[in-house]
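Enquirer: Okay, here's what each chain looks like letter by letter:
2 protein chains.
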Amino acid sequence: MDIDFSPIPQIEKHGEFLEKVVDLMFKNIVFTTRQDKVLLWQTPEELEEQFDFSLKQNGETHDKLITFLRNTIKFSVKTGHPYFINQLFSGLDPYGLAAQWLTDSLNASVYTYEVAPVFTLMEKHVIKEVSRMIGPQWGDGLFCPGGSFANGIAVNLARFHRYPDVKEKGTFHLPRLIIFASEECHYSIYKFAAFLGIGEENVCRIATDEIGRILPSDLEAKINQVVLEGKAPIMTIATLGTTVRGAFDPINEIADICKKFNIWLHIDAAWGGGLIFSQKHRAKLNGIERANSLVVNPHKLLAVPQQCSLLLVRDTDILYQCFSRGAEYLFQKDKHYDRSFDLGDKYLQCGRKCDVFKFWFMWKAKGSSGFANHIDTLMDIAEYFEEQVNNRSEFLLVSKRQYMNVCFWYLPRYLRGKSNIFENIAQLQKVAPQIRALMIQHGSVMLGYQPLKGLPNFFRFVSQNSALTRKDVDFILDHIQEIGDAIFK
Amino acid sequence: MDIDFSPIPQIEKHGEFLEKVVDLMFKNIVFTTRQDKVLLWQTPEELEEQFDFSLKQNGETHDKLITFLRNTIKFSVKTGHPYFINQLFSGLDPYGLAAQWLTDSLNASVYTYEVAPVFTLMEKHVIKEVSRMIGPQWGDGLFCPGGSFANGIAVNLARFHRYPDVKEKGTFHLPRLIIFASEECHYSIYKFAAFLGIGEENVCRIATDEIGRILPSDLEAKINQVVLEGKAPIMTIATLGTTVRGAFDPINEIADICKKFNIWLHIDAAWGGGLIFSQKHRAKLNGIERANSLVVNPHKLLAVPQQCSLLLVRDTDILYQCFSRGAEYLFQKDKHYDRSFDLGDKYLQCGRKCDVFKFWFMWKAKGSSGFANHIDTLMDIAEYFEEQVNNRSEFLLVSKRQYMNVCFWYLPRYLRGKSNIFENIAQLQKVAPQIRALMIQHGSVMLGYQPLKGLPNFFRFVSQNSALTRKDVDFILDHIQEIGDAIFK
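One line per chain: the protein sequences are F and C, in this order.
Once you know that position 205 of the first sequence is 205 in the working numbering, the rest is easy, because the numbers rise by one and skip nothing.
Just add 489 to wherever you are in the second sequence, counting from 1, and you've got the working numbering.
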């Protein structure tokens with residue numbers, strides 16, 4: 001038994017162990033190839049059998065610990081694999097990973113300057129630089145544990161902006177508050193509406209057009225109706241890059257309406273916002289500078305390791321006004337340096353992981369031009385993917401592509417070339433899940449699917465991994481077709 | 490220039506770089522000694538001069554990148570150093586660190602079983618085991634990004650439990666909701682009361698006794714008063730291990746009162762809850778099983794790397810009821826496995842870092858007995874620290890120690906042995922900040938201070954680093970005395 005209870009690593013005891021861990025990671029996760037599987041599928045019941053999750057009174061030897069790590073890797077999904085095209089994150093950037101490892105070794109909590117001096121100033125620089133890329137009046141922001149949380153913070157800011165006494169008094173004296181959001185918005189809007197005491201039914205759903213964009217006329221009509229009913233509209237949430245279809249709402253028209261009714265405009269650009277780095281595609285974000293707040297997740301499009309979510313605000317005072325509490329054991333009034341460098345008091349949280357470093361370090365390593373190349377490469381691949389779907393009779397596009405998201409059906413033979421493939425929706429509903437189950441069981445490709453607005457289950461191709469090539473696209477479509485053709489004869 | 494835009498690491502290009510990074514971390518962070526400084530203090534202005542934060546169009550060479558990493562380490566606080574006794578976290582556990590590195594390499598998001606199979610089952614096992622250690626009726630929980638967030642979730646659960654239609658309708662139809670909390674509770678209670686639309690003024694402050702514990706008689710009186718005023722008491726928040734004094738509220742008496750008035754009892758045991766591992770000190774948590782919800786932060790007492798916060802609930806259905814939304818692009822109804830393994834839908838967030846693995850792996854490495862030894866060692870050191878403060882005329886205890894926290898004043902010569910040292914509070918108020926500023930400028934010791942309930946600034950000793958010895962305690966007190974004696978002649 002080789003047990004040590006000390007939390008200070010000692011080189012003679014732990015050096016060799018940590019070196020083995022690093023070696024294991026290098027060989028089995030960091031440097032993967034297309035020949036590796038994306039995952040080794042096991043049902044929950046099978047995994048329970050094969051993995052020793054038990055927690056015991058006594059510790060284990062280093063040899064056993066290495067085996068546990070090896071098994072953790074073996075049965076985990078390789079999210080850095082090019083065929084992991086399942087979520088709005090993927091890829092494994094070596095610079096991002098190096099920075100994340102360093103962040104963990106330093107184990108900082110970014111609330112006061114004295115405890116996290118480098119990361120405090122780095123946050124200020126990164127927020128300033130991203131703000132500059134958004135527009136001239138932008139200048140403050142927060143790193144949040146995920147885009148959902150950042151959207152929730154924005155709802156709170158909008159409410160506070162309209163009714164500053166909410167912080168002190170709550171909402172008991174207020175009329176019913178209403179949030180307007182696309183019927184294709186991210187579900188976090190509903191979750192945080194409930195959490196903030198606003199309620200899911202007070203999220204007013206705005207209709208979208210045939211490719212998933214908010215219809216401004218519907219927004220204006222709904223605001224008028226809500227005002228007539230004596231309710232209080234507090235904000236509109238537009239999306240740049242919706243989750244399923246990658247749709248970009250018409251920001252300028254929405255901003256005009258918000259201005260007319262004097263309501264807060266929040267933009268959920270968690271997925272699309274990274275386009276600020278690409279000259280070629282930046283126009284998709286036109287109008288973004290007109291928002292009052294917005295979310296960009298560098299851990300999505302830019303492939304920064306999770307999590308890295310940035311909430312930006314136009315009003316540079318509101319974060320402190322809305323969130324400060326001045327806890328005296330952290331933010332002492334008699335410090336020996338300028339307290340405005342203690343960023344923690346503008347946050348909702350207390351202890352907070354350092355999420356800026358990996359983003360800053362990747363930016364240093366690649367430069368803005370590196371992010372731009374990454375994006376442009378991805379957009380080319382998405383364009384090729386859409387082209388292939390359109391060219392092959394075995395596939396059908398759900399709606400015109402606007403971004404990385406390519407939404408498509410695989411069509412069983414009996415549906416190809418038919419004029420109304422939706423006659424039997426229940427039949428098509430089953431196709432994607434069945435193909436996907438087999439791909440997962442093979443461990444070959446992880447590709448998501450979902451229904452939407454009455455349309456039966458369709459696949460959503462989406463990638464943030466710029467190592468993906470046209471040959472990969474061909475392989476993925478061939479693979480789906482091969483499995484589909486075998487199941488649906 | 491050695492730039493690569495690919496997010497897939499390639500062994501020939503990135504292997505050497507990552508090896509250098511690991512070597513740098515091993516030599517400069519992981520294996521520190523007492524001879525190293527805790528920090529190399531620079532004012533924000535000085536650090537701006539010395540560190541290149543700039544973000545540019547083009548990337549940098551690997552050599553330059555290594556220099557940036559080296560500087561990041563140089564100017565960052567070594568939170569693993571034994572003389573970092575500044576926060577409710579410290580220490581650098583090699584097993585925790587190894588697990589954190591692996592988590593980052595796998596870059597998982599724990600929302601569905603298929604994307605994070607190992608971590609999903611691991612969460613279930615760890616929550617089950619910790620629940621078992623709390624009490625027989627416990628069985629569900631969440632990993633949260635920090636204790637503040639976990640407290641906020643608990644407030645939402647208490648409100649939902651009393652008024653389930655809040656999720657749908659918001660709070661507009663409700664009477665004023667009231668939360669009861671100690672006047673020494675953590676400030677997150679106020680921040681989340683504001684965030685949830687309840688309002689800071691609806692947190693009713695309960696008086697504490699001379700060592701910082703809630704006075705049950707005051708709690709009962711305040712609940713009666715609030716009910717008379719037509720307001721709706723929804724919950725009491727008790728604390729096991731308060732932030733400043735480490736006080737343990739009398740849970741059984743508080744639970745009796747909550748039962749009488751039928752209100753939710755939440756226990757903020759973020760700091761004290763780790764004691765469940767110590768047979769010797771477990772009695773401090775007596776009554777904990779009577780709560781409806783509670784928070785334990787393994788990243789505090791147990792020195793798990795940040796962040797690792799566990800919210801536990803007694804009612805095993807309430808998390809799904811309160812938080813589920815069933816987003817169909819993640820939680821498809823037609824999956825090829827049992828959907829109850831998709832934990833994401835009981836969470837408020839969508840994407841979520843894997844915080845369970847480092848805790849599980851440390852538990853495997855040390856066993857429950859390892860955590861117990863860690864705690865008992867720390868408690869011995871705290872006891873010795875208090876003893877020394879009491880034995881030395883240069884120091885004065887603020888209030889009797891209950892836990893790790895030892896709160897004390899350094900007394901300048903002219904105050905030693907005086908009967909009323911508080912005659913000139915403004916004078917004593919300045920002592921701790923001045924001594925602390927010098928210690929930070931020396932980089933020798935990081936030790937926090939704060940005022941409390943009208944008492945002037947005092948130091949708070951607190952450590953989670955079980956490598957700390959009695960000799961270290963002697964050094965720390967000698968050091969404070971030496972600096973104090975030099976300043977206050």
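Please keep in mind that the hints were generated in silico from the structure rather than gathered at the bench.
Errors might be hidden in some of the hints.
Incomplete in silico selection of chain C near chain F, CB under 8 angstroms [to be verified]: (1) Glu505; (2) Tyr679; (3) Phe884; (4) Ile910.
The list that follows gives simulated cross-link-like pairs (lysine to aspartate or glutamate, EDC-like), each with its CA atoms no further than 20 angstroms apart [stated by the list, open to error]: (5) C:Lys942 with F:Glu328; (6) F:Lys346 with F:Asp315; (7) F:Lys124 with C:Glu534; (8) C:Lys545 with F:Asp376; (9) F:Lys335 with C:Glu535; (10) C:Lys553 with C:Glu537; (11) F:Lys280 with F:Asp256; (12) F:Lys128 with C:Asp823; (13) C:Lys526 with C:Glu817; (14) F:Lys169 with C:Asp698; (15) C:Lys711 with C:Glu672; (16) F:Lys453 with F:Glu423; (17) F:Lys453 with F:Asp218; (18) C:Lys613 with F:Glu423; (19) F:Lys453 with C:Glu537; (20) F:Lys27 with C:Glu535; (21) C:Lys919 with F:Asp334; (22) C:Lys617 with C:Asp629; (23) C:Lys919 with F:Asp338; (24) F:Lys430 with C:Asp698; (25) C:Lys516 with F:Glu19; (26) F:Lys124 with C:Glu538; (27) C:Lys942 with C:Glu718; (28) C:Lys617 with F:Asp315; (29) F:Lys430 with C:Glu872; (30) F:Lys453 with C:Glu817; (31) F:Lys335 with C:Asp629; (32) F:Lys169 with C:Glu690; (33) C:Lys824 with F:Asp338; (34) C:Lys509 with F:Glu19; (35) F:Lys27 with C:Glu508.
We put the beta carbon where it would ideally sit given N, CA and C, even for glycine.
Enquirer: Compare the structure with each hint and give your call.
Expert: Going through the hints against the structure:
Interface hint at glutamate 505 (chain C): violated, since its Cβ lies 11 angstroms from the closest Cβ of chain F, which is beyond the 8 angstroms cut-off. Look at tyrosine 679 (chain C): its Cβ gets to within about 6 angstroms of chain F, closer than 8 angstroms, so that hint holds up. Proximity of phenylalanine 884 (chain C) to chain F is violated relative to the hint, the smallest CB-CB distance being about 19 angstroms (cut-off 8 angstroms). Taking 8 angstroms as the C-beta contact cut-off toward chain F, the hint placing isoleucine 910 (chain C) at the interface is violated, the least distance being around 19 angstroms.
Restraint check: the Cα-Cα separation between lysine 942 (chain C) and glutamate 328 (chain F) comes to about 11 angstroms, which is no more than 20 angstroms; the hinted pair holds. Under the criterion of a C-alpha separation no larger than 20 angstroms, the hint pairing lysine 346 (chain F) with aspartate 315 (chain F) is consistent with the structure, at around 13 angstroms. Of the pairs offered as hints, the one joining lysine 124 (chain F) and glutamate 534 (chain C) holds, with about 13 angstroms between alpha carbons and a cut-off of 20 angstroms not exceeded. A distance of roughly 18 angstroms separates the Cα atoms of lysine 545 (chain C) and aspartate 376 (chain F); the hinted pair therefore holds under the 20 angstroms criterion.
For the suggested pair lysine 335 (chain F) and glutamate 535 (chain C), the alpha carbons sit about 17 angstroms apart, so the restraint of at most 20 angstroms is met. As the CA atoms of lysine 553 (chain C) and glutamate 537 (chain C) are separated by approximately 18 angstroms, the hinted pair is consistent with the 20 angstroms bound. Using a Cα cut-off of 20 angstroms, the hinted pair lysine 280 (chain F) and aspartate 256 (chain F) is violated, with the two alpha carbons roughly 26 angstroms apart. Between lysine 128 (chain F) and aspartate 823 (chain C) the alpha-carbon distance is near 45 angstroms, which puts this suggested pair outside the 20 angstroms criterion.
This hinted pair does not check out: lysine 526 (chain C) and glutamate 817 (chain C) have alpha carbons roughly 52 angstroms apart, beyond 20 angstroms. Distance check on the hinted pair: lysine 169 (chain F) and aspartate 698 (chain C) sit about 28 angstroms apart at the alpha-carbon level, beyond 20 angstroms; violated. A hinted pair counts as satisfied when its Cα atoms are at most 20 angstroms apart, and lysine 711 (chain C) with glutamate 672 (chain C) qualifies at roughly 13 angstroms. Under the criterion of a C-alpha separation no larger than 20 angstroms, the hint pairing lysine 453 (chain F) with glutamate 423 (chain F) is consistent with the structure, at around 16 angstroms.
A threshold of 20 angstroms between alpha carbons decides the hint, and for lysine 453 (chain F) with aspartate 218 (chain F) the separation of about 17 angstroms falls inside it, so the pair holds. Simply put, lysine 613 (chain C) and glutamate 423 (chain F) have alpha-carbon atoms about 43 angstroms apart, too far for the 20 angstroms limit, and the pair is violated. At roughly 52 angstroms between alpha-carbon atoms, lysine 453 (chain F) and glutamate 537 (chain C) are farther apart than 20 angstroms, so this suggested pair is violated. With a C-alpha separation of about 41 angstroms, the suggested pairing of lysine 27 (chain F) with glutamate 535 (chain C) is violated against the 20 angstroms cut-off.
Only pairs whose Cα atoms come within 20 angstroms are accepted, and lysine 919 (chain C) paired with aspartate 334 (chain F) is accepted, the gap being roughly 8 angstroms. Only pairs whose Cα atoms come within 20 angstroms are accepted, and lysine 617 (chain C) paired with aspartate 629 (chain C) is accepted, the gap being roughly 7 angstroms. For the hint linking lysine 919 (chain C) to aspartate 338 (chain F), the alpha-carbon distance of about 17 angstroms falls within 20 angstroms, and the restraint holds. Straight-line distance between C-alpha atoms of lysine 430 (chain F) and aspartate 698 (chain C) comes to about 64 angstroms, which puts the hinted pair past the 20 angstroms bound.
The suggested pairing of lysine 516 (chain C) with glutamate 19 (chain F) holds, with an alpha-carbon distance near 12 angstroms, which does not exceed 20 angstroms. This hinted pair checks out: lysine 124 (chain F) and glutamate 538 (chain C) have alpha carbons roughly 15 angstroms apart, not beyond 20 angstroms. Distance hint between lysine 942 (chain C) and glutamate 718 (chain C) is unfulfilled; the C-alpha atoms sit about 27 angstroms from each other, more than 20 angstroms. Between lysine 617 (chain C) and aspartate 315 (chain F) the CA atoms are separated by roughly 45 angstroms; this puts the pair beyond 20 angstroms, and the hint is violated.
Straight-line distance between C-alpha atoms of lysine 430 (chain F) and glutamate 872 (chain C) comes to about 65 angstroms, which puts the hinted pair past the 20 angstroms bound. Using a Cα cut-off of 20 angstroms, the hinted pair lysine 453 (chain F) and glutamate 817 (chain C) holds, with the two alpha carbons roughly 11 angstroms apart. A distance of roughly 42 angstroms separates the Cα atoms of lysine 335 (chain F) and aspartate 629 (chain C); the hinted pair therefore is violated under the 20 angstroms criterion. Between lysine 169 (chain F) and glutamate 690 (chain C) the alpha-carbon distance is near 6 angstroms, which keeps this suggested pair within the 20 angstroms criterion.
Under the criterion of a C-alpha separation no larger than 20 angstroms, the hint pairing lysine 824 (chain C) with aspartate 338 (chain F) is inconsistent with the structure, at around 55 angstroms. Note on lysine 509 (chain C) and glutamate 19 (chain F): the hinted pairing holds, with a Cα-Cα distance of about 13 angstroms set against a maximum of 20 angstroms. Only pairs whose Cα atoms come within 20 angstroms are accepted, and lysine 27 (chain F) paired with glutamate 508 (chain C) is accepted, the gap being roughly 12 angstroms.
The structure fails hints 1, 3, 4, 11, 12, 13, 14, 18, 19, 20, 24, 27, 28, 29, 31, 33 (numbered hints given earlier, in ascending order).
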